[in-house]
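Colleague: Sequence:
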Amino acid sequence: MRDQLLYFCDFEKMIQTIRSENRETAQQVSYKDEIQSILLKIKSCMGKRERLYEDFSDSLLSPEDYMSFKKRYDEENLELNKWLNHLQDLQNRLNLSLSDKNQWMVHMRMMQDATELSPELVEALIERINIYQVGKERRIEIIFKYRQDFDVLQSAYDEWKEGVGT
2 MRDQLLYFCD FEKMIQTIRS ENRETAQQVS YKDEIQSILL KIKSCMGKRE
52 RLYEDFSDSL LSPEDYMSFK KRYDEENLEL NKWLNHLQDL QNRLNLSLSD
102 KNQWMVHMRM MQDATELSPE LVEALIERIN IYQVGKERRI EIIFKYRQDF
152 DVLQSAYDEW KEGVGT
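All residue numbers for the sequence shown refer to the numbering used here, where the first residue is 2 and numbers rise by one.
Warning: the hint list may mix true and false statements.
[As the list claims (entries may be wrong)] In silico EDC-like links for lysine to aspartate or glutamate, alpha-carbon gap of 16 Å or less:
#1 LYS72 / GLU51
#2 LYS146 / ASP114
#3 LYS146 / GLU163
#4 LYS71 / ASP90
[As the list claims (entries may be wrong)] Pairwise CB distance ranges, derived in the manner of DEER restraints:
#5 MET68 / LEU41: 19 to 29 Å
#6 SER69 / TYR133: 55 to 65 Å
#7 LEU97 / SER60: 49 to 59 Å
#8 SER60 / ASN96: 48 to 58 Å
I should point out that these hints are in silico values taken from the structure, not numbers from a laboratory.
No residue lacks a Cβ here, since even glycine has one placed at the ideal position from N, Cα and C.
Could you put the whole structure together from the sequences, leaning on the hints where they help?
Modeller: Structure below.
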């Protein structure tokens with residue numbers, strides 16, 4: 002728990018710096034760029050589909066060719082929209098992880114102010130505790146909740162530390 006609290010202090014400093022400087026992480030930039038690229042592809046696909054109909058209306062395409070191309074453009078559009086939705090979901094989760102609403106950070110703030118480890122705090126932070134015995138050696142493994150939030154923050158922190166040069 003102490004290690005988690007140390008991470009929290011570093012992560013909170015990083016998030017405050019990123020916000021105050023209006024910076025984005027490389028992952029945020031990557032999602033934004035990829036989403037823009039997908040939106041351009043969707044626009045291009047829709048333009049092709051419109052021109053396809055015009056070509057069909059002008060009798061430049063047979064009904065069979067029109068249906069074949071239309072089907073291809075519709076499938077491409079569907080796939081692009083699925084990918085767009087997936088990227089937007091990832092972007093939203095990343096932004097949430099880097100916000101004040103990050104549940105790991107919320108609970109770490111509670112722990113920072115706590116004078117002792119309460120059952121409520123353990124319930125809020127720990128998913129489960131595994132106890133193993135291999136031969137005569139006992140091992141305790143603590144599985145924390147909000148692992149995804151923590152991993153996102155760890156990645157952003159590593160990137161931030163590289164950029165800061167420390």
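Colleague: Against each hint, give a clear statement of whether it holds in the structure.
Modeller: Taking the hints in turn, this is what the structure says about them:
1. Note on LYS72 and GLU51: the hinted pairing holds, with a Cα-Cα distance of about 13 Å set against a maximum of 16 Å.
2. The hinted pair formed by LYS146 and ASP114 fails the criterion: a straight-line CA distance of about 19 Å is larger than 16 Å.
3. Straight-line distance between C-alpha atoms of LYS146 and GLU163 comes to about 27 Å, which puts the hinted pair past the 16 Å bound.
4. Proposed proximity of LYS71 and ASP90 is contradicted: the alpha carbons are some 28 Å apart, above 16 Å.
5. The supplied range of 19 to 29 Å is met by MET68 and LEU41, whose beta-carbon atoms lie about 26 Å from each other.
6. About 60 Å separates the C-beta atoms of SER69 and TYR133, a value consistent with the hinted range of 55 to 65 Å.
7. Taking 49 to 59 Å as the suggested C-beta distance range, the pair LEU97 and SER60 conforms, at roughly 53 Å.
8. Between SER60 and ASN96 the CB atoms are about 50 Å apart, so this pair conforms to the stated range of 48 to 58 Å.
The structure is inconsistent with the numbered hints 2, 3, 4, although it conforms to all the rest.
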